[in-house]
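Just so you know, we're using the numbering used here here: the sequence shown kicks off at 120 and counts up by one.
Rather than coming from a laboratory, the hints here were simulated on the basis of the structure.
Since the model is a prediction, treat every value here as computed from it, not as a measurement.
Each residue gets a CB set at the ideal place from its N, CA and C atoms; glycine is no exception.
It cannot be assumed that every hint is accurate.
Unchecked claim - Below, computed lysine-lysine pairings styled on BS3-like, alpha-carbon distance capped at 25 angstroms:
| id | residue 1 | residue 2 |
| --- | --- | --- |
| 1 | Lys231 | Lys179 |
| 2 | Lys196 | Lys231 |
| 3 | Lys196 | Lys235 |
| 4 | Lys235 | Lys179 |
Unchecked claim - Label pairs and their calculated CB-CB ranges:
| id | residue 1 | residue 2 | range |
| --- | --- | --- | --- |
| 5 | Glu193 | Asp152 | 34 to 40 angstroms |
| 6 | Ser139 | Gly204 | 46 to 52 angstroms |
| 7 | Arg160 | Glu223 | 29 to 35 angstroms |
| 8 | Phe156 | Asp135 | 16 to 22 angstroms |
| 9 | Arg155 | Leu134 | 16 to 22 angstroms |
| 10 | Asn200 | Leu149 | 43 to 49 angstroms |
| 11 | Leu220 | Pro184 | 21 to 27 angstroms |
| 12 | Leu149 | Pro221 | 49 to 55 angstroms |
| 13 | Lys166 | Arg145 | 22 to 28 angstroms |
| 14 | Thr172 | Met120 | 16 to 22 angstroms |
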Amino acid sequence: MRESWIDERQDTVLLDGLTSVYGQTRAADLRLDELRFELTRKPRRAKEGCNVTQLHYARKGIITPEMEFIAIRENMKLAKNKVEGQSVAQQHPGFSFGANLPDEITPELVRKEVAKAGRLFR
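Assemble the whole structure, with the sequences as input and the hints as a guide.
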């Protein structure tokens with residue numbers, strides 16, 4: 120699903136195969152065959168000078184399709200809970216500590232939260 124989203128950004132290139140020594144060693148180890156997934160896509164890498172993390176996009180103010188997808192999924196969960204007569208507040212009683220969960224999760228909220236989360240790991 121994400122392949123077209125990544126292609127549209129034009130900041131990665133497809134590789135012919137695994138390029139790291141570690142990846143090539145693991146791929147050649149027949150003992151690991153039973154653990155492998157059936158992947159048919161080729162690996163990618165960032166183009167020279169590009170940063171392709173969601174954190175980078177969020178800090179630049181860019182809302183990616185991945186962030187939009189998260190907002191849609193979170194809103195589906197909220198809607199399901201409302202139908203079932205539940206709310207997040209009922210599931211998680213206690214102090215808010217300043218948190219404020221809106222009635223609707225927007226892609227912009229997801230972007231801000233991703234950008235904010237990155238500051239925790241500096």
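Here is how each hint holds up against the structure:
1. Lys231 with Lys179: holds (10 angstroms)
2. Lys196 with Lys231: The hint holds at about 20 angstroms.
3. Lys196 with Lys235: Holds, at roughly 23 angstroms.
4. Lys235 with Lys179: holds (12 angstroms)
5. Glu193 with Asp152: 34 to 40 angstroms: holds (38 angstroms)
6. Ser139 with Gly204: 46 to 52 angstroms: holds (51 angstroms)
7. Arg160 with Glu223: 29 to 35 angstroms: Given a distance of about 33 angstroms, which is inside 29 to 35 angstroms, the answer is holds.
8. Phe156 with Asp135: 16 to 22 angstroms: holds (19 angstroms)
9. Arg155 with Leu134: 16 to 22 angstroms: Between Arg155 and Leu134, where Cβ atoms are some 18 angstroms apart, the hint holds.
10. Asn200 with Leu149: 43 to 49 angstroms: 48 angstroms Cβ-Cβ, so the 43 to 49 angstroms window holds.
11. Leu220 with Pro184: 21 to 27 angstroms: holds (23 angstroms)
12. Leu149 with Pro221: 49 to 55 angstroms: holds (52 angstroms)
13. Lys166 with Arg145: 22 to 28 angstroms: holds (25 angstroms)
14. Thr172 with Met120: 16 to 22 angstroms: Since Thr172 and Met120 have Cβ atoms about 18 angstroms apart, the given range 16 to 22 angstroms holds.
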